[in-house]
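Trainee: Those protein sequence lines, which keep their order, are chains A and B. Count along the first sequence from 1, then add 4; that gives the number in this note's numbering. Count along the second sequence from 1, then add 104; that gives the number in this note's numbering.
Since the hints were made in silico from the structure, they are not lab data. Don't take every hint at face value.
Unchecked claim - Label pairs and their in silico Cβ distance ranges:
| id | chain 1 | residue 1 | chain 2 | residue 2 | range |
| --- | --- | --- | --- | --- | --- |
| 1 | A | G149 | B | R594 | 47 to 53 Å |
| 2 | A | E35 | B | D144 | 16 to 22 Å |
| 3 | A | Q80 | B | K224 | 36 to 42 Å |
| 4 | B | G688 | A | Q80 | 27 to 33 Å |
| 5 | B | D144 | A | L39 | 24 to 30 Å |
| 6 | A | F77 | B | G688 | 25 to 31 Å |
| 7 | B | K224 | A | S124 | 47 to 53 Å |
| 8 | B | G122 | A | E35 | 21 to 27 Å |
| 9 | A | F77 | B | T670 | 58 to 64 Å |
To be verified - 30 Å max Cα-Cα, derived BS3-like pairs, lysine-lysine:
| id | chain 1 | residue 1 | chain 2 | residue 2 |
| --- | --- | --- | --- | --- |
| 10 | A | K127 | A | K20 |
| 11 | B | K240 | A | K6 |
| 12 | A | K32 | B | K686 |
| 13 | B | K591 | A | K34 |
Said to hold, decoys possible - To list a few chain B residues with every Cβ distance to chain A over 12 Å, as calculated:
| id | residue |
| --- | --- |
| 14 | N208 |
| 15 | R371 |
| 16 | N506 |
We treat Cβ as the ideally placed atom computed from N, Cα and C, and that holds for glycine.
Listed here are the chains, written in short residue letters.
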Amino acid sequence: MKKKLTSVTFNDSAEKREKLLAVIEEYKGKEGNLLPVLQKAQEIYGYLPPEVQKTVALGLEVPEAEVFGVASFYAQFKLNPDGDIAIAVCLGTACYVKGSGQLADKVTEIVGLHPGETTSDGKYSFEATRCIGACGLAPVMTVNGDVYGRLTPADVAGIIRKYQ
Amino acid sequence: MDMLNIKINGVSYQVPKGVTVLEAAKAAEIDIPTLCYLKDINEIGACRLCLVEVQEMRGPSLGPARMVTACVYPVTEGMSIVTNSEKIKKSRKLNLELLLSNHNKECLSCVRSTTCELQKLCRDYGVDENHFSGKKTQTAIDDSSVAIIRDNSKCVLCRRCVAACKNMQDIGVIGAVNRGFDTVIGTSFDKDLASTTCVNCGQCIVACPTGALHERDDTDKVFAALDDPTKHVYICTAPSVRAQIGECFGYEPGTDCEGKMVAALKRLGFDGVFDMNLTADLTIVEEATELVERMTKGGTLPMITSCSPGWIKYCEHYFPEMTENLSTCKSPQQMFGAVMKTYFAQKMGYDPKDIVFVSAIPCTAKKFEVGRPDQNAGGVPDVDVAITTREVGRMIERAGINFRALKDEKFDEPFEISSGAGVIFGATGGVMEAALRYAAEIVLGKKIEKVDFPEVRGTEGIKFASYDLGGTKINVAVASGTKNAKKLLRGVQSGEYDVQFIEIMACPGGCVNGGGQPYQPASVRNSVDLRAVRAKVLYNDDASRDLRKSQDNSGVKRLYDEFFGTPGSHKAHEVLHTSYIKRGM
Numbered sequence: 005m006k007k008k009l010t011s012v013t014f015n016d017s018a019e020k021r022e023k024l025l026a027v028i029e030e031y032k033g034k035e036g037n038l039l040p041v042l043q044k045a046q047e048i049y050g051y052l053p054p055e056v057q058k059t060v061a062l063g064l065e066v067p068e069a070e071v072f073g074v075a076s077f078y079a080q081f082k083l084n085p086d087g088d089i090a091i092a093v094c095l096g097t098a099c100y101v102k103g104s105g106q107l108a109d110k111v112t113e114i115v116g117l118h119p120g121e122t123t124s125d126g127k128y129s130f131e132a133t134r135c136i137g138a139c140g141l142a143p144v145m146t147v148n149g150d151v152y153g154r155l156t157p158a159d160v161a162g163i164i165r166k167y168q
Numbered sequence: 105m106d107m108l109n110i111k112i113n114g115v116s117y118q119v120p121k122g123v124t125v126l127e128a129a130k131a132a133e134i135d136i137p138t139l140c141y142l143k144d145i146n147e148i149g150a151c152r153l154c155l156v157e158v159q160e161m162r163g164p165s166l167g168p169a170r171m172v173t174a175c176v177y178p179v180t181e182g183m184s185i186v187t188n189s190e191k192i193k194k195s196r197k198l199n200l201e202l203l204l205s206n207h208n209k210e211c212l213s214c215v216r217s218t219t220c221e222l223q224k225l226c227r228d229y230g231v232d233e234n235h236f237s238g239k240k241t242q243t244a245i246d247d248s249s250v251a252i253i254r255d256n257s258k259c260v261l262c263r264r265c266v267a268a269c270k271n272m273q274d275i276g277v278i279g280a281v282n283r284g285f286d287t288v289i290g291t292s293f294d295k296d297l298a299s300t301t302c303v304n305c306g307q308c309i310v311a312c313p314t315g316a317l318h319e320r321d322d323t324d325k326v327f328a329a330l331d332d333p334t335k336h337v338y339i340c341t342a343p344s345v346r347a348q349i350g351e352c353f354g355y356e357p358g359t360d361c362e363g364k365m366v367a368a369l370k371r372l373g374f375d376g377v378f379d380m381n382l383t384a385d386l387t388i389v390e391e392a393t394e395l396v397e398r399m400t401k402g403g404t405l406p407m408i409t410s411c412s413p414g415w416i417k418y419c420e421h422y423f424p425e426m427t428e429n430l431s432t433c434k435s436p437q438q439m440f441g442a443v444m445k446t447y448f449a450q451k452m453g454y455d456p457k458d459i460v461f462v463s464a465i466p467c468t469a470k471k472f473e474v475g476r477p478d479q480n481a482g483g484v485p486d487v488d489v490a491i492t493t494r495e496v497g498r499m500i501e502r503a504g505i506n507f508r509a510l511k512d513e514k515f516d517e518p519f520e521i522s523s524g525a526g527v528i529f530g531a532t533g534g535v536m537e538a539a540l541r542y543a544a545e546i547v548l549g550k551k552i553e554k555v556d557f558p559e560v561r562g563t564e565g566i567k568f569a570s571y572d573l574g575g576t577k578i579n580v581a582v583a584s585g586t587k588n589a590k591k592l593l594r595g596v597q598s599g600e601y602d603v604q605f606i607e608i609m610a611c612p613g614g615c616v617n618g619g620g621q622p623y624q625p626a627s628v629r630n631s632v633d634l635r636a637v638r639a640k641v642l643y644n645d646d647a648s649r650d651l652r653k654s655q656d657n658s659g660v661k662r663l664y665d666e667f668f669g670t671p672g673s674h675k676a677h678e679v680l681h682t683s684y685i686k687r688g689m
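Isolated chain A, as found in the complex (with noise of 0.2 Å):
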């Protein structure tokens, strides 16, 4: 799926880019070193925004476009950050086949977000998510890692304001 980029401000601290940087510090010149320093710049950020990406370019000396591509590529890696308001929609195959493709159609309908995107304000984040391992409850739902199961489109909006 082509990933969407962020239009969430970015807020770094001192104490983030210390850690990154010591990270990148430590992987450079090391062979097959961009995989597990942008996994360690996900840790620290919570998501891999382009400032993240550029500064790891020019640490690891590794083109942009070659970071971008590795981070656009793996489905681990997060370029929008989570909301504060953070739902999740699981597409695994039980959930899947049990209608949970309704209930992201109804997330999107909510918060005028598709998967992979957060609002610019940084209230809503909304990501489909593989398996997470609760297919007795299928379909489920997730907002702030709280588990919302057996549902069906009708309950969406009730479960997203009780975060509002």
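Since the structure of chain A is provided, determine the placement of chain B on it from the hints.
Mentor: Frame of chain A; chain B shown alone:
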């Protein structure tokens, strides 16, 4: 050398150990089609068009036949290779049809029609272009750059451009982004190419097998100027264009077509067809003067040449701390334009605004250079339009001129005289050699007999030489390709290399291998060293002349006598020198 015994299509051959199936077949004069493969820079076995069937020894007998990609599969002892079975042909055809299913098939209006490698393969294999139809990857044309246009709807994802940009040039502004069906060749964060650190060298264009990458076509601007009776329209051709223009008309690489080129341009209706070799000579006189001045008066050293606009932009992005090392001399193209809009305009009594000056160049980065600041000596841009060798070829075709039938003609006065030193500008090491021919005479204070400096010739990426000019020792270095430039400059910065004068060209091999030169398919690029073959034209031309040194060019002397005074004069600085920008990343 260890040799292996193999069979190709039933015939026995001996090939050296370590070669690939593709190389073994090539040695046996058997063609295997390729699309993604570019020797040494893109060997990824991705397009699957070079599929062949091989059987390898399993104990005492041959194992089962398997399909492998010839471009990356090494031969083994006793291997039996079949390159053109029905199964293979069907498989290649199927792969081509799958490529076409996601391809913009507007071949009629495509700039690469008849030179497209995909088109040729489809014709060769008799494909059905509509066998598979369905959704196509969403793409948009990126025409933000003044030099290079990207159209992903014609991209086959072979990654030859990515390899040229990253592996060969060590720049990497483009790469594969996203995944699966959404994969496209893109820039970081979907930026416009114009806002990246792209240096406009155009090596991606000459690497591209299709019309997904091409130069911005400025031929219409030139035709419009030629059609405008109020304009005085002049063209000058860079040293290497004469060595390559023939390739647009079916001549073998390495055919000198200077006379026909001049004749064709005259028939297009230019008011004058001039030789950029003249300002190559002028560049040398100014640049060597600057070098001697820097060496004697304690200026910034090493001094680095400034003829290659791709290299200039590279330096500004990647080595902004070294822009003081760049010679302040404009490139020969810009010097010519500056002379046209000042000296020539005055001489002819023309308003510089009414002169349209076109340069024909082997280079896409020159399209960027014409719009640079501080390149407007006459109060108007020095150069109005820069067109590549390919565009010159297209103009000649469009005007219905039968290039091959033309009789040789000569460049127009007053800019027709040039030296051999100016000619060799088009090859890596040429500017250095030309400068040495001049610097040696200034430093020694007398005429030199030996004008050949073979140490700086050849297609090697980085070359070093030392000369003793009457007691003054000078160490020089020559690099071509930005990857080599980076290596050399890092060495200079670390103190590893002690050099006073450096020539750098953005394209590997110099202008003869520029990004604006005629297309040659991978089948030629993989087997012919185009850089060497094309450069030979220039060195032969140089050797055949009596006039070998820039300073002996009477045309250059006249410019100084009538206009500039002396080399490095205040006037020369005003008109012929420029400044740079620290761009950074």
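Trainee: For every hint, state whether the structure bears it out.
Mentor: Against the structure, the hints:
1. A:G149 <-> B:R594: 47 to 53 Å: This hint holds: roughly 48 Å between Cβ atoms.
2. A:E35 <-> B:D144: 16 to 22 Å: Given about 20 Å between the Cβ atoms, the range holds.
3. A:Q80 <-> B:K224: 36 to 42 Å: Given about 41 Å between the Cβ atoms, the range holds.
4. B:G688 <-> A:Q80: 27 to 33 Å: Taking Cβ atoms as reference, G688 (chain B) and Q80 (chain A) lie about 32 Å apart, which means the hint holds.
5. B:D144 <-> A:L39: 24 to 30 Å: holds (26 Å)
6. A:F77 <-> B:G688: 25 to 31 Å: Since the Cβ atoms of F77 (chain A) and G688 (chain B) sit about 28 Å apart, the hinted range of 25 to 31 Å holds.
7. B:K224 <-> A:S124: 47 to 53 Å: holds (48 Å)
8. B:G122 <-> A:E35: 21 to 27 Å: Hint holds: Cβ distance 23 Å, inside 21 to 27 Å.
9. A:F77 <-> B:T670: 58 to 64 Å: holds (60 Å)
10. A:K127 <-> A:K20: Holds, at about 22 Å.
11. B:K240 <-> A:K6: holds (14 Å)
12. A:K32 <-> B:K686: holds (26 Å)
13. B:K591 <-> A:K34: Holds: K591 (chain B) and K34 (chain A) sit about 19 Å apart, inside 30 Å.
14. N208: Answer for N208 (chain B): holds, closest chain A Cβ roughly 18 Å.
15. R371: Answer for R371 (chain B): holds, closest chain A Cβ roughly 44 Å.
16. N506: holds (44 Å)
The structure is consistent with each of the numbered hints, conforming to all of them.
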